[in-house]
Amino acid sequence: MIERSQRVPQFAAALMAVFLLLLGVIVVTQADRVYRSEQAQRADIRAQVLAASVTAAVDFSDLEAAREAIAPFRVDPATRVIAIYDQSGRLLTGYGLHGEKLSPRLPGTAVPSTMSRGVAPVVSGGKRIGTIYLLTDIEPLSRRLSRYALISVLAVMAALIVLILGVAQAALRRANAELQDTNAELIQQMAQREKAENELRQVQKMESIGQLTGGIAHDFNNMLAIVIGSLDIAERRFASNPERARTAIAHALEGANRAASLTKRLLAFARRSPLQPQPIDPNQMVSNMSELLRRTLGEGISIQTVLAGGLWRTHADPGQLENAILNLCVNARDAMEGNGRLTIETLNAHLDDDYAARHIGVAAGQYSAIVISDNGPGMPADVIERAFEPFFTTKSVGKGTGLGLAQVYGFVRQSGGHVRIYSEVGQGTAVKIYLPRYFGPAEVAAAAEAPAELPRGRPGELILVVEDEDQVRRMSVDALQELGYDVLEAPGGEDALALVQTRPDIRLLFTDVVMPDINGRQLADKARTLRPELPVLYTTGYTRNAVVHNGVVDSDVFFIPKPFTVEQLARKMRAVLDA
Amino acid sequence: MSRRFALWLLPIALLAPALARAQGASETAVEAAFLAKFGAYVTWPGGGGPIVICAVGRDVLGDALDRATAGQQIDGRGLVVRKLDSVDRNSGCTIAYIAGSPRQSVSAALAALRSAPVLTVTDSRWSSARGMIHFQIANDRVRFHIDDKAAAESGLGISSKLLALALSVRPRSGR
Ligand SMILES: Nc1ncnc2c1ncn2[C@@H]1O[C@H](COP(=O)(O)OP(=O)(O)OP(=O)(O)O)[C@@H](O)[C@H]1O
Ligand SMILES: [Mg+2]
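Residue numbers (full-length UniProt numbering), protein chains in the order written: chain G, 1 to 579; chain V, 1 to 175.
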């Protein structure tokens, strides 16, 4: 196939070369023919001139005069024969030059190739009285050819060039074909490699998904075991030993809470936590946490806080940030095995373009940073690499969930920040959280102190609870009634709207966001066309829906994430009703 | 060199007898032949019609002129021969060969034809008076003198080709 396609240009080139040579030959012979016919014409014209000038001499048989008349033509070195024949073709007079003989009779038309012939009749009184015959040299063929040398050389050169080009073209094609082959091979190798890499990535992904589901199953199982076991005890001791039943129920509640916090951390890592960001002064937050930390970390750990003056504020969900700091401190404690020094430092940081370019997902700009460092054993490189993975832990089963750093990572990323681990084995570990600087107006951090008493409902405060799942609705209704509210309930949007219409004394709409017929947002909008001032409190376990955009709750919307405790519900209810 | 010289002399040598015969036969025949040819080299005012060649005076040409002109034409014009004792401008001659007679001498004939459109031809053998063309034997050949001035005065034009063969030419005024 390749062989054949290579021969095509070579063949074409040869053909072209032959054609060019042929063209050269044709041009040369044509030019030569033109030259010869021109020469013959010139000889004829000379003969005619001669004929005119010897007319009278011939007519009056004055051969002397005739010879005189033709004598000047002898001067031309090209002249071979000048002769005058009478009307019957007999020689009258003439010259034979350069060894040429005069023929006694008028010669025929045959002429040697090196000469051209001119013939003209001598006419007098309308009668032919004789003939002028003349032979002149023309350039010999070799001389003539040398005049066409330039054309010949050009033709030969053109033919040569075409031949060379043809050969070169063939060589080029061959090289090209080879190149194409290698290229195709390379592309195939690259595709194979990419496939292999994809497979590897898939395997790794499967591995972490396996780890993830395994971890979740394991932890949930543990928690469910506690809940089920405790409830079982409570059921059996309900009548005989109410005190024991109560502690069992408390255990069950604790287990369920832990399960709830597990899902919360999972959501945090998945960056699906509904965040309620607000302006935060990290210094203030760290200070507020010091008492909690001291209690959580134990006496073996000395805590040092280094707070920067003039620290920039940031904008984040305070609960999640607290959680993150706590997670990092607990990690440090665990690493130092209860004995060591923990430092919490705050500082302003400017991440420049260079830094941003070197770290994926980091925007250059101003950040306020919180650094938690310990003088523990540090982390080897492979652990640092995987530390943020959910369920990655080096701790024994039941001790660590591997979700601590995952929560930190998820939260920081969701808040537009950046987190880095700096650690060396034997030296200790520092984890830096960068949160974007906040330029907006200061706001009073409200969630400072919580009153000990649960805020309760006031008489006549009627709440409409809308929830499609019976059990969840039941729980909400129970909790609200316990807090002293009057409660109406509806399993869906239509029933709810009917109640809003008939009961103008409803003080608040408490609705789930995700429901089968119409969602909570649409329900609220319709209810507000009937009762524009009606406050609405949403709840959901998801974040990707009508109320929560990109994980951030709309500012004009009240929201309590599922699952919630009675205490959380109590505070939220009051906040909304008193707003 | 001498050999090549000999080679091109050879044809001349072969021709020589023919020429000798032509000359030797009779000057009269040559003159008659010339008379038959002059018409091709002369132009007459008016032109047209046959060329009438008159032999005036003594009959020196005999039937040579008749033979020379028999069946000949010059540029489509026929040749007619007339023999006259004397001539004048109304004789209808185109060419007049004047040999003279007791009745009219050569000079008288020439005077009679003065400024008439007639080519007058004389012969040194018969007179010293000269017409427009005057035959003379030179080196055993018949040659002629031309009086172009007289021809011009009679309104005739003589071709330069003919003038080139003349022994002498009396040029027309202004030439
Ligand atoms: N300060 C630290 N010093 C040394 N190693 C650490 C430190 N912080 C985390 N690590 C390592 O990173 C791993 C992952 O930490 P992460 O907080 O995600 O999970 P965990 O602490 O093991 O479990 P959990 O936080 O759920 O109790 C830890 O198991 C530990 O090996
Ligand atoms: Mg941890």
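It should be emphasised that the hints constitute simulated quantities derived from the structure, not laboratory data. As the structure is a prediction and not an experimental result, all values here were calculated from the model. A virtual CB, placed ideally from N, CA and C, is assigned to each residue, including glycine. Misleading hints may appear alongside valid ones.
To spell it out: a stretch of chain V is covered by chain G in this simulated footprint if at least three of its residues, at any positions, have a beta carbon under 8 Å from a beta carbon of chain G; those stretches are [as the list claims (entries may be wrong)]: (1) 36-45; (2) 68-77; (3) 93-99.
Inset, instruction - State whether the coverage of the stretch 68-77 of chain V by chain G holds or is violated, taking the criterion as 3 or more residues with Cβ-Cβ distances under 8 Å. - result: holds (count 4)
Legend entry - Stated coverage of the stretch 93-99 of chain V by chain G [criterion: 3+ residues, CB within 8 Å]: violated (count 0)
Inset, instruction - Test coverage of the stretch 36-45 of chain V by chain G using CB-CB distances below 8 Å; three residues minimum. - result: With 4 residues in contact (Cβ-Cβ under 8 Å with chain G), the coverage given for the stretch 36-45 of chain V holds.
Hint 3 from the earlier list is the only one contradicted by this structure; the remaining hints agree with it.
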